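Asker: Now for the letters of each chain:
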Amino acid sequence: MKKIIALLLALVMALAMMGCAATEEPAEDPAEEPAVEEETPAEEPAEESEVVVMSHADYMAAELDTQVVIETYVQDKQSWWEDKATVYTQDEDGAYFLYEMNCSAEDYEKLVPGTKIRVTGHKTEWAGEIEIMDGTFEIIEGNYIAEPVDATVWLGTDELIAHQNELVSFKGMTVEASIDADGNEAAFLYSWDGSGEDGSDLYFNASVNGQTYTFTVESYLRDNTTDVYAAVKALQVGDVIDMEGFLYWYEGVNPHITVVTAAE
Amino acid sequence: MKRRLLILLLIFSMVLPLSGCHGAQRMVGFTVPEEFDTSREYEITFWAKNDTNKAQTRIYETAIERFQELYPNVTVNLRLYTDYGRIYNDVITNISTNTTPNVCITYPDHIATYITGQESVVALDQLFADERYGLGGSDLRYEGPLQEEIIPQFLSECAINGAYYAIPYMRSTEACYINKTYVEALGYTLPEVLTWDFVWEVSEAAAKKDSEGTYLLNGQKVMIPFIYKSTDNMMIQMLRQKEADYSTPQGNILIFNDTTRELLFTVADHVKTGAFSTFKISSYPANFLNAGQCVFAVDSTAGATWMGSNAPLSDISEDKLVDFETAVRPVPQFDPDNPQMISQGPSVCVFNKEDPQEVLASWLFAQYLLTNEVQIAYAQTEGYVPVTSKARNTAEYQDYLSRGGENNKLYYDVKLQATQLLLDHVEDTFVTPVFSGSASLRDAAGQMIETAAKSVRRKITVDDAFIDELYEEMNALYHLDQTGSAGQGKTEFGPLPTTAKILLGTLGIAWLLMGIYTGREIWKKRKAVKTDSH
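Quick mapping for you: the protein sequence lines, in order, are chains X and U.
Numbering of the first sequence is given in this note's numbering, commencing with residue 15 and proceeding in unit increments.
Numbering of the second sequence is given in this note's numbering, commencing with residue 20 and proceeding in unit increments.
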């Protein structure tokens, strides 16, 4: 009898351990995991024979909602979220904004400035911003980092939109007061109406030639630990500054600023 | 002795499998302390959501200041979000490290996931009923509502598995904001309740262009006659209005049905003609409406201050604004005599902590958000309605409702119309069942409309084969075959796995053998006693 009980004891304890081991890896909760296991674009390049890569001019001429294939160079990364990356890219001829491109976390790390990628996606327009949506990409040989082009003289002109999404600079601009929703003046606002807090997008105004324009520090692109975020928080009305950033569009020009310095 | 030890060990080993498999980080259930210990200092965090609206931020800040004046030993740290999705993702991340906020604005759909497998969110029933600190409790330092003063329909939305895991904070619904001037210019008369047929017909008429590609209605190159902000709501409401399946309360997914298919075909038809688009594809409905590039714009009543020529908030430059008369109506209906519309808006949950006093402090703050002062002030920032009859019945709130159109700020007429719309239709609102995965189902509902619309724009044929593939894709993408673990009521778990059957069988045999062994021992002892006595 002792032997039977001992055997039973061993069996029950072994089964108990087996049962508990099975719970160590809980069932995946759909809400906690990235929504989809996308095939990694970098691991599945398009077949060479099918690829017709567009020039920037071809891309700009392409109709909205058509499929486009371009080769471009990463200039900066805005965000990665659930296997979707938003990236600023540019080649020698112009810029491309890649919105929520399919991208694993591992591949996102590879998208350092200068990296050349071939992107297949659909050309779309959202609130005036021309972008590539639902894109996939592969990393290819090549490297290019754009120099900012001075866009100060294009402010307020039709020329500006031709440089949409490019890395640009604005020089000798004077910080003007922003007014929050309560009517208070400030050199900058957290969020567009002052409703945000540290960590929110920063909005500030600056003028040149008597015209005032609004600039944004996009918090996903440059968060509150960055130099530009700190520089904008330190601005005073009347400061004269130089800036660099990407010529983003939202219902009109809405530059995403990455560098602010005192004017040279 | 050895035998006894062996039996004890056997019993212990049998209890072990029953107790050892629960999560190691499970929070101990909360019990309301008898007394709030005011001799101690508490620091609590409040994750709040605003609609990128300075007035709302100010109301949160003021509420915190007033609360801290009443409870000087409690410090409330505010963290602001403008997106429910971000709050949800941050909470999920923080649950695993036990660093959740104390009080959090949320949707019940999200709470269903938060409470899966652990007591991270406090069930509030005990707290509601507590005589001293509960709703209308005797020891509160403010005048909060009684439980019966919370609108029952809104409170019921916060119940999961028969317990309350949140309190409603604000409620809104969707409204259709209409360029009435355009509707009449097209020769139509705006009905009191829109039907889908009417909206599609007028939208098709508004989509007509001349040979130059200019829209006849507005003389512009851009016109999206009908644009919808939240396509998940669009699908959910259409299905509800058609009494079609969506899900069971337990979390069985029923959305992939023929009615959904027909609705997607309808959407595709109107995308093809340029009569319909969505926020995700084009931009904010308000921007198109206010620029005279849209006839019907569906968005939350909590977005009313952005709608109309004279809207106090706007994202487009003044030179793009077009002057027109704005009308506000419930979302389009299939049966105008039986209107159905979604109930939405923020609720507030309290997260569990090791220290019950800290939880009590959190509850006191959460409950403070239901006071008239906070409810009325916040409701006035947008097309929200207070969630308590106590606030609604005040002279102050009634006066506010009566002054629509007095100015384009506090009394902006479109906002007041949107508010009145919900107040008039509370009985016509509904919510979808809440279960673990219900948030994913909601996402899938919207994504099907988005995918169908995008595909049409990309010249992809939307036919039965397309829909079949879309259903499969959505099922996989949102893991909809794994939902329902936190469902309400009885849940079907399916057959037991083999290992469980073996384990249970072994336990049964062990108990049987123990019974036989013990019986045999007792029989032996009795026999011995009988033998001795003879």
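Please keep in mind that the hints were generated in silico from the structure rather than gathered at the bench.
Any given hint could turn out to be false.
Only pairs whose alpha carbons sit at most 27 Å apart, straight line, appear in this in silico BS3-like list of lysine-lysine [as the list claims (entries may be wrong)]:
{"#": "1", "chain 1": "X", "residue 1": "91", "chain 2": "U", "residue 2": "299"}
{"#": "2", "chain 1": "U", "residue 1": "68", "chain 2": "U", "residue 2": "199"}
{"#": "3", "chain 1": "U", "residue 1": "473", "chain 2": "U", "residue 2": "428"}
{"#": "4", "chain 1": "X", "residue 1": "91", "chain 2": "U", "residue 2": "339"}
{"#": "5", "chain 1": "U", "residue 1": "473", "chain 2": "U", "residue 2": "543"}
{"#": "6", "chain 1": "U", "residue 1": "248", "chain 2": "U", "residue 2": "68"}
{"#": "7", "chain 1": "X", "residue 1": "130", "chain 2": "X", "residue 2": "247"}
{"#": "8", "chain 1": "X", "residue 1": "185", "chain 2": "X", "residue 2": "124"}
{"#": "9", "chain 1": "U", "residue 1": "339", "chain 2": "X", "residue 2": "98"}
{"#": "10", "chain 1": "U", "residue 1": "428", "chain 2": "U", "residue 2": "339"}
{"#": "11", "chain 1": "U", "residue 1": "428", "chain 2": "X", "residue 2": "98"}
{"#": "12", "chain 1": "U", "residue 1": "473", "chain 2": "X", "residue 2": "98"}
{"#": "13", "chain 1": "X", "residue 1": "247", "chain 2": "U", "residue 2": "299"}
{"#": "14", "chain 1": "U", "residue 1": "68", "chain 2": "U", "residue 2": "299"}
{"#": "15", "chain 1": "U", "residue 1": "199", "chain 2": "U", "residue 2": "228"}
{"#": "16", "chain 1": "X", "residue 1": "185", "chain 2": "X", "residue 2": "98"}
{"#": "17", "chain 1": "U", "residue 1": "227", "chain 2": "U", "residue 2": "240"}
{"#": "18", "chain 1": "U", "residue 1": "478", "chain 2": "X", "residue 2": "98"}
{"#": "19", "chain 1": "U", "residue 1": "227", "chain 2": "U", "residue 2": "68"}
{"#": "20", "chain 1": "U", "residue 1": "248", "chain 2": "U", "residue 2": "228"}
{"#": "21", "chain 1": "U", "residue 1": "473", "chain 2": "U", "residue 2": "228"}
{"#": "22", "chain 1": "U", "residue 1": "428", "chain 2": "U", "residue 2": "227"}
{"#": "23", "chain 1": "U", "residue 1": "543", "chain 2": "U", "residue 2": "299"}
{"#": "24", "chain 1": "X", "residue 1": "98", "chain 2": "U", "residue 2": "240"}
To be clear about the criterion: a stretch of chain U counts as covered by chain X if any three or more of its residues have a C-beta under 8 Å from a C-beta of chain X, and this derived list gives those stretches [claimed, not checked]:
{"#": "25", "stretch": "248-256"}
{"#": "26", "stretch": "266-272"}
{"#": "27", "stretch": "301-312"}
Please read these numbers as outputs of a predicted model, since none were measured by experiment.
C-beta atoms are modelled at their ideal positions from N, C-alpha and C, and glycine is treated no differently.
Asker: If a hint holds in the structure, say so; if it does not, say that too.
Answerer: Comparing the hints with the structure gives:
| no. | hint | result |
| --- | --- | --- |
| 1 | X:91 / U:299 | 21 Å, holds |
| 2 | U:68 / U:199 | 32 Å, violated |
| 3 | U:473 / U:428 | 37 Å, violated |
| 4 | X:91 / U:339 | 32 Å, violated |
| 5 | U:473 / U:543 | 82 Å, violated |
| 6 | U:248 / U:68 | 18 Å, holds |
| 7 | X:130 / X:247 | 34 Å, violated |
| 8 | X:185 / X:124 | 32 Å, violated |
| 9 | U:339 / X:98 | 33 Å, violated |
| 10 | U:428 / U:339 | 20 Å, holds |
| 11 | U:428 / X:98 | 39 Å, violated |
| 12 | U:473 / X:98 | 18 Å, holds |
| 13 | X:247 / U:299 | 32 Å, violated |
| 14 | U:68 / U:299 | 21 Å, holds |
| 15 | U:199 / U:228 | 20 Å, holds |
| 16 | X:185 / X:98 | 34 Å, violated |
| 17 | U:227 / U:240 | 11 Å, holds |
| 18 | U:478 / X:98 | 24 Å, holds |
| 19 | U:227 / U:68 | 41 Å, violated |
| 20 | U:248 / U:228 | 24 Å, holds |
| 21 | U:473 / U:228 | 22 Å, holds |
| 22 | U:428 / U:227 | 36 Å, violated |
| 23 | U:543 / U:299 | 81 Å, violated |
| 24 | X:98 / U:240 | 32 Å, violated |
| 25 | 248-256 | violated (count 0) |
| 26 | 266-272 | violated (count 0) |
| 27 | 301-312 | holds (count 4) |
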